[in-house]
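Using the hints, put the two chains back together into the complex; each one sits in its own frame.
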Amino acid sequence: NAGVTQTPKFRVLKTGQSMTLLCAQDMNHEYMYWYRQDPGMGLRLIHYSVGEGTTAKGEVPDGYNVSRLKKQNFLLGLESAAPSQTSVYFCASRWGQGVYNEQFFGPGTRLTVL
Amino acid sequence: AQSVTQPDIHITVSEGASLELRCNYSYGATPYLFWYVQSPGQGLQLLLKYFSGDTLVQGIKGFEAEFKRSQSSFNLRKPSVHWSDAAEYFCAVGARNAGNMLTFGGGTRLMVKP
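The listed protein sequences correspond, in order, to chains F and A. In terms of our numbering, the first sequence opens at residue 459 and continues consecutively. In terms of our numbering, the second sequence opens at residue 53 and continues consecutively.
Read the hints as simulated data drawn from the structure, not as lab findings. Backbone N, C-alpha and C define an ideal beta-carbon position, used for all residues, glycine too. Treat the hints loosely; a few may be bogus.
Said to hold, decoys possible - Chain F is nowhere near these chain A residues, computed Cβ spacing over 10 Å in every case:
(1) L71
(2) E72
(3) R74
(4) G95
(5) E118
(6) K120
(7) S132
(8) V133
(9) W135
Said to hold, decoys possible - Straight line, CA to CA, 20 Å or less: simulated SDA-like cross-link-like pairs of lysine to any residue:
(10) K165/A <-> I63/A
(11) K101/A <-> G511/F
(12) K529/F <-> G511/F
(13) K101/A <-> Y558/F
For reference, chain A alone in the conformation it holds in the complex (with noise of 0.2 Å):
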């Protein structure tokens, strides 16, 4: 079965710093890998995703993730963080099966110091 770690639960960085969360995932298979984000007292929007050629990903919001096979990773990364990116972020995998269903990772809070 998939399954998907977030290493860090809660990450503060500076306005303007840059950022990277990241993720490991578990698949036999070549993965379908997104990142989600939810803002407070919202649903989930995607942000990017990856299931298959150039491993460096553009999403939306001026981020990007980086797909290594080798590493079984995707993290996510933004070179220049704006308070409005505080929300919590979540990292899933697909798998093709009778649903196709996402195995969603705990999430990382992200928080933005003035």
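Extracted from the complex, chain F is given alone in its bound form (with noise of 0.2 Å):
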């Protein structure tokens, strides 16, 4: 039982490239999300999924796009990136609907933008 995992660990890019960044979950957890993080500013939500074939937006959505093709997987996209998507980002995911359950994070995911 792997729980939450992501792929790339690192990555450099040049501004105005392209990546994608894979979160995958084998708890079977209807619920997804990708957070980005920056110092002094905690977590902040950048995308959510509340099942396979939905995504919606987040706090901080601009520039990035996502999709859930399959409910073990969630993919956040950056089209053109910028220095400002520097950040670590990271994928949790959730059991069902009640916001007590317990979200479960990845390792996170440290990319630099220049």
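Right, dumping it as structure tokens:
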């Protein structure tokens, strides 16, 4: 049982390049989330999904797109990377609708945009 | 909209000393409150959560937190800190909305002196 995994762990992009971050979970969770973590700002929600085939915007969605074609995978895309997107990206998943249910986090992807 | 404030960005304590990390929240209804810990280079792990009942909540690793509605606070405590507790700690409030999202505070980085 691997929990939540993220690929890749590190990445360096040049401004204007594109990339996709992959999040996979093997816990059969319905809800999945993408966050970015910046110093002093905690984690901010980018996009989320409440089930296969659904996505919705979070607090800071601009410059990102997501897809949830399979229940176990949640992809985060950057179409044209900007230096402001330098951050650590965390994926999380949660079982069920209850907000009190624990979110399980992946180990993170550190992205640098030059 | 909900918000979380962690007033202390950095805290240093001596090993064996007691610890209190502060968290203040803003939310219109009865809140769901969480404390997460992030060890260096790792994802977030849930320490404890509160959603109803006894206002003193016990968590893993010897941590506890007390919910005080009158002060809009959910402070984290530990009676005796170990060197392995050095990490970043995040308080979060859960919202009952479409995504049942978490809103995180900015985090408190704990350093432990030998």
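- [ ] Verify that the Cβ of S132/A lies farther than 10 Å from every Cβ atom of chain F, and report whether the claim holds or is violated.
- [x] With a cut-off of 10 Å, S132/A remains clear of chain F, as the shortest Cβ separation is near 26 Å.
TODO: Hey, is E72/A genuinely clear of chain F, shortest beta carbon separation above 10 Å?
DONE: It holds; E72/A is separated from chain F by about 19 Å at its closest Cβ, greater than 10 Å.
Open item on the list: Given the hinted pair K165/A and I63/A, is their Cα-Cα distance within 20 Å?
Closed with: Holds, at about 11 Å.
Open item on the list: Between the alpha carbons of K529/F and G511/F, is the straight-line distance 20 Å or under?
Closed with: Holds. K529/F to G511/F sits at ~8 Å (cutoff 20 Å).
Task: Agreement of K101/A and G511/F with the hint, judged by alpha carbon distance not exceeding 20 Å - done: 30 Å, violated
Open item on the list: Over 10 Å from every CB of chain F: does V133/A meet that, or does the non-interface label fail?
Closed with: 22 Å, holds
- [ ] With 10 Å as the threshold, tell me whether W135/A passes as away from chain F on beta-carbon distances.
- [x] Answer for W135/A: holds, closest chain F Cβ roughly 22 Å.
Task: Interface-negative label, L71/A against chain F, beta-carbon threshold 10 Å - done: Non-interface label on L71/A holds, nearest chain F Cβ at 20 Å vs cutoff 10 Å.
TODO: Decide, holds or violated, for the assertion that all CB atoms of chain F are farther than 10 Å from the CB of R74/A.
DONE: 14 Å, holds
Open item on the list: Please verify that the nearest CB of chain F lies beyond 10 Å from K120/A's CB.
Closed with: 19 Å, holds
Open item on the list: With the threshold set at 20 Å, check whether the alpha-carbon distance from K101/A to Y558/F stays at or below it.
Closed with: 8 Å, holds
TODO: Grab the minimum beta-carbon distance between E118/A and chain F and tell me whether it stays above 10 Å.
DONE: 18 Å, holds
Hint check: violations occur at hints 4, 11; the rest are consistent with the structure.
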